[in-house]
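K.L.:
Residue numbers (our numbering), protein chains in the order written: chain P, 900 to 1012; chain V, 17 to 129.
If you are wondering where the hints come from, they were derived from the structure by calculation, not from laboratory data. Model, not experiment: these values are computed from the prediction. For glycine and all other residues, C-beta sits at the position ideal for the given N, C-alpha and C. Just so you know, not all the hints are guaranteed correct.
[To be verified] Below, a list of computed lysine-lysine pairs in the DSS-like style, where the Cα atoms sit at most 25 Å apart: (1) Lys52/V <-> Lys948/P; (2) Lys52/V <-> Lys34/V; (3) Lys69/V <-> Lys35/V; (4) Lys69/V <-> Lys994/P.
[As the list claims (entries may be wrong)] The following residues of chain V were derived to be distant from chain P, with all beta-carbon distances above 10 Å: (5) Leu27; (6) Met31; (7) Met43; (8) Gly44; (9) Val64; (10) Ser66; (11) Leu70; (12) Arg79; (13) Ser87; (14) Pro99; (15) Leu106.
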Amino acid sequence: AQSVTQLDSQVPVFEEAPVELRCNYSSSVSVYLFWYVQYPNQGLQLLLKYLSGSTLVKGINGFEAEFNKSQTSFHLRKPSVHISDTAEYFCAVRKAAGNKLTFGGGTRVLVKP
Amino acid sequence: DTEVTQTPKHLVMGMTNKKSLKCEQHMGHRAMYWYKQKAKKPPELMFVYSYEKLSINESVPSRFSPECPNSSLLNLHLHALQPEDSALYLCASSQDQYTGELFFGEGSRLTVL
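The following block holds chain P by itself, in its conformation from the complex (with noise of 0.2 Å):
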């Protein structure tokens, strides 16, 4: 079975620096990886996904996302944060040939003015 794991539980970030959330994955066979946001009392947003082709992955608000086959890694960055990206971020992976996703154990991002 495949498992992810988040590094960090929490990113405090001031307002416009940059932030990177790490995400690495275990799994025998190849996988599709996904990154959502899940704002306050809201449901889960995708931001981006790798399913084959560049392992550079641009999403939604500006995240991007780099896929390392040899890390089994898929961390997201943005370059410059708004307080609005104050939120839970969850990293997500998927068997390619499988029906089941699953979920590391989320990213909550702190933007500070």
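Here the structure of chain P is known, so what remains is to put chain V in place on it, guided by the hints.
P.N.:
Only chain V this time, still in chain P's reference frame:
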């Protein structure tokens, strides 16, 4: 239309009540999901429906009973719940259970007294 709509947004019920959560999507997706999310935790998969048939039941107690009347609707019937069942219940859909990302609704916040 890229929305998954869940009703009600909030539900309070006693342990002897019977209630239902409803989910609707009009994206032509053939897979629908129920997830349970406790506070400050990632979503946990409960059920997967594929082409209106139950595909995955993650050993969920029988007090939770899913139903998929048609390809656009997904219900979760609740009966004799326990206080520890209080959580955010998220519905999601995808193109099919092996393809594409999951689109989530805003969730139904359930409180069991």
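K.L.:
Decide, hint by hint, whether the structure agrees.
P.N.:
Now the hints, each set against the structure:
{"no.": "1", "hint": "Lys52/V <-> Lys948/P", "result": "holds, 22 Å"}
{"no.": "2", "hint": "Lys52/V <-> Lys34/V", "result": "holds, 18 Å"}
{"no.": "3", "hint": "Lys69/V <-> Lys35/V", "result": "holds, 22 Å"}
{"no.": "4", "hint": "Lys69/V <-> Lys994/P", "result": "holds, 21 Å"}
{"no.": "5", "hint": "Leu27", "result": "holds, 15 Å"}
{"no.": "6", "hint": "Met31", "result": "holds, 25 Å"}
{"no.": "7", "hint": "Met43", "result": "holds, 13 Å"}
{"no.": "8", "hint": "Gly44", "result": "holds, 18 Å"}
{"no.": "9", "hint": "Val64", "result": "violated, 6 Å"}
{"no.": "10", "hint": "Ser66", "result": "violated, 8 Å"}
{"no.": "11", "hint": "Leu70", "result": "holds, 12 Å"}
{"no.": "12", "hint": "Arg79", "result": "holds, 23 Å"}
{"no.": "13", "hint": "Ser87", "result": "holds, 17 Å"}
{"no.": "14", "hint": "Pro99", "result": "holds, 21 Å"}
{"no.": "15", "hint": "Leu106", "result": "violated, 6 Å"}
The earlier numbered hints that this structure contradicts are 9, 10, 15.
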